[in-house]
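Chains W and P, in that order, give the protein sequences.
Letter by letter, the first sequence follows residues 1 to 215 of our numbering.
Letter by letter, the second sequence follows residues 216 to 754 of our numbering.
Quick caveat, the hints were computed from the structure, so don't treat them as lab data.
Don't take each hint at face value.
[As the list claims (entries may be wrong)] Some, not all, of what chain P presents toward chain W, calculated at C-beta under 10 angstroms:
1) Ala321
2) Phe322
3) Leu386
4) Gly427
5) Ile435
6) Ile443
[Said to hold, decoys possible] With a straight-line cut-off of 25 angstroms between C-alpha atoms, the simulated SDA-like cross-links for lysine to any residue are:
7) Lys394/P x Phe10/W
8) Lys133/W x Ala439/P
9) Lys133/W x Gly160/W
10) Lys26/W x Ser401/P
11) Lys133/W x Arg437/P
12) Lys26/W x Lys394/P
13) Lys124/W x Gly440/P
14) Lys394/P x Glu19/W
15) Lys26/W x Arg324/P
16) Lys394/P x Ile37/W
17) Lys133/W x Ile368/P
18) Lys124/W x Leu431/P
19) Lys26/W x Leu238/P
20) Lys394/P x Leu34/W
21) Lys394/P x Ser9/W
22) Lys117/W x Val438/P
23) Lys124/W x Val438/P
24) Lys133/W x His457/P
25) Lys26/W x Leu327/P
26) Lys394/P x Ile88/W
27) Lys117/W x Gly440/P
28) Lys404/P x Asp17/W
29) Lys394/P x Pro8/W
30) Lys394/P x Tyr196/W
31) Lys394/P x Ser184/W
32) Lys133/W x Leu454/P
[What the hints assert, rightly or not] Have a look at the derived ranges for each label pair, beta carbon to beta carbon:
33) Ala171/W x Phe249/P: 29 to 39 angstroms
34) Leu158/W x Leu338/P: 19 to 29 angstroms
35) Gly536/P x Phe44/W: 30 to 40 angstroms
36) Ala111/W x Thr354/P: 33 to 43 angstroms
37) Ala165/W x Lys631/P: 53 to 63 angstroms
38) Pro358/P x Pro8/W: 56 to 66 angstroms
39) Leu34/W x Pro358/P: 25 to 35 angstroms
40) Ala104/W x Val260/P: 50 to 60 angstroms
The beta-carbon is built from N, C-alpha and C at its ideal position, and this holds for glycine as well.
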Amino acid sequence: MSQTAGHPSFLQHHFSDAEQQRESAKLGMWIFLLTEILLFGGLFCAYAIYRSWNPEIFHNAHVHLNVYLGTLNTVVLITSSVTMALAIRSMQLGRRTATLRFLAVTLALAAVFLVIKYFEYSHKIHLGQLPGKFYTYDGIAGTNPHIFFSVYFLMTGLHGIHVLAGMATIAWLVVRTSRNVFSSEYYTPIEMTGLYWHLVDLIWIFLFPLFYLVG
Amino acid sequence: MNNLPSSSYLNRPQGIKSWLLTLDHKRIGLLYLFSVMTAFALGGVFAMLILLELLSPGREIIDADTYHQFFTLHGAIMIFLFIIPSIPAILGNFVLPLMIGARDVAFPRLNLASWYVYILGSLFALYSIIAGAVDTGWTFYTPYSVETTTSVISMTLGAFILGFSSIFTGLNFIVTIHKLRAPGMSWFKMPLFVWGLYATAIIQVLATPVLGITLLLLIIERVAGIGIFDPAMGGDPVLYQHFFWFYSHPAVYIMILPGMGIISELISVFSHKKIFGYKAIAFSSLGIAFVSFLVWGHHMFVSGQSELAAMIFSFLTFFVGIPSGIKVFNWVTTMYKGSISLEAPMLYALSFLFLFTIGGLTGIFLGALSVDVHLHDTYFIVAHFHYVMMGGTVMAFLGGLHYWWPKIWGRMYSEKWARVAVALIFVGFNVTFFSQFILGSQGMPRRYYNYLDQYQPLHAFSTFGSWILGLGFIVMAIYLIHSLFKGRPGGANPWGALTFEWTTSSPPPHENFAEIPRVEHGPYDFDRVTAKSTLGETI
Ligand SMILES: [Cu+2]
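Produce the entire structure from the sequences given, and follow the hints as far as they go.
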């Protein structure tokens, strides 16, 4: 039954039809996202524990984060989520150039996010507001203020790696789209990358208030 | 006399490249078979050396530091390189698509990737052996794992990478089971091994990422000294233990659940009787998976968690006994008034029943808070653990390996020698580990290089058992390898089983089935359907 005539080129031999293939990809992607949430879950636990043990350190240290840059980055990422969704929509309608354009904008916004993050990090490194034994700053009252920066760098660093991975995937999508691989019939990889990208965005939406805003 | 099919997945396509780049779940299962069995042999050699060293007090063959490294390597290899991938990645990979009437798993490329990731992780683990080994025990507890000079980083990095391999397999299986079942195969028509793999895959997907982040934190702590687990810097070493056991207790069920699935197949097929309580067995797998996430604290009764937490964890731990007990009662009831035939796979299933019950019951002792304080970190734990893992999972794995061996290769092994091997392994196992229950209850601590003279007879007894056990595995290796060349063809269905994998030829063709099979009866409807063994009368 899977070897019927008119077998589309993107359909793998072990699926009986395109619908089954797409549904499988979707379920697989959701499970993958679940593992990502659990990966970050461990760090969110660590955050909660160290925060409840050292509330005054977390309060004193968090004022050293730049709320303006953090807000700017939040806006950048949310916008990139929108452009990603538009890229998917365009491909559903079969508009290849529009898809390419939206993917490029998403990629650019991701890069902007990392550049801003780079400025934030280098400022912290310059001041010595660093994790563990590298901590040399002395403007924060309380014992072990470095613990805040340990958790901060761990969580935002892991998130940054995920942004990088997303950029690599989106760049790959740009290449595939320009080679005419996708169509309104088959755009699963774009859709799946979109899901991933929304998760990366969502994690940042949790990180931002937890570090920058909650005092 | 049966003949082997002229074309099968084994010989089409040909060439080493077609194996290393294969996307066929059956070939990937075999790639896993060879690599995982290599790891098993290596871990076994370390076990033999440890026990040889313990033959009498003082130095036998190795010094204390080497001894610490050997038991760490034995544990880490057996857990991360052998038991976790054994049943899902070898037998699950091979059998799962066949059992549900699919042509492959949902993501064949991800499946192949999982094998390469496994190899990469193993190389890191292997590197740590060459670069001075690890002496922390397989649990890598902080603060010692941060301070020791041995190569903790490469070993934990290896385990971290192996975690991805496990996640890939689990993800693939969940999607395969949800989306690729043959038309007509409803959830309750699925073989129970598939249910076991499904429950396992859920744990693999939910628990492994937490191990990943834990080991990553440990590596960063070691490299960069961020102080997350260091009390001097405001961190907490017990947090490491919480993280570690949040994964590693459920991981125990990653190891045992697929084994229970195999036992369900074996008991029903070799009793030629419909499985008793199908739904109870299926749901108890999910029940075990669920409860497994709530009991990790029972590893930390003496680590300084609050007394209330310890009591809750102790209480919840007893709940694991319920679904496990349900399974055992259903298996025994299935055998009742069945026409039982005692071929090697069934002998392993019976060994499993016997040994797993002992392992499970001693687990109840350990779950009881007050008893555990006495038995914690003694040989009682070691014995309990081996009764569940080796007496349970390894017996089930061997049973499954023998059961599906004729399907994998198309040839039968020597039944006579297989029975000899079962006998040696069963006796050797009990001699080795039952003595350790007694040692532990008398207070012999685990992981000690030296011991008081009074423990010597039991230690010697245990070492002697390991030789019987080793002999059993050597016999098995010989007759299994011999069967690849000289075994007689067993035909499509040598055991007269009713599940889908036995409807296609042995070994199966590249695309599994000439035509996708139709569901006409349940997987264990021995009361309605008779499947004749293709072996004839000469078993
Ligand atoms: Cu446990």
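Unsatisfied constraints (hint numbers, rising): Hints that this structure does not satisfy do not exist here, as all of them hold.
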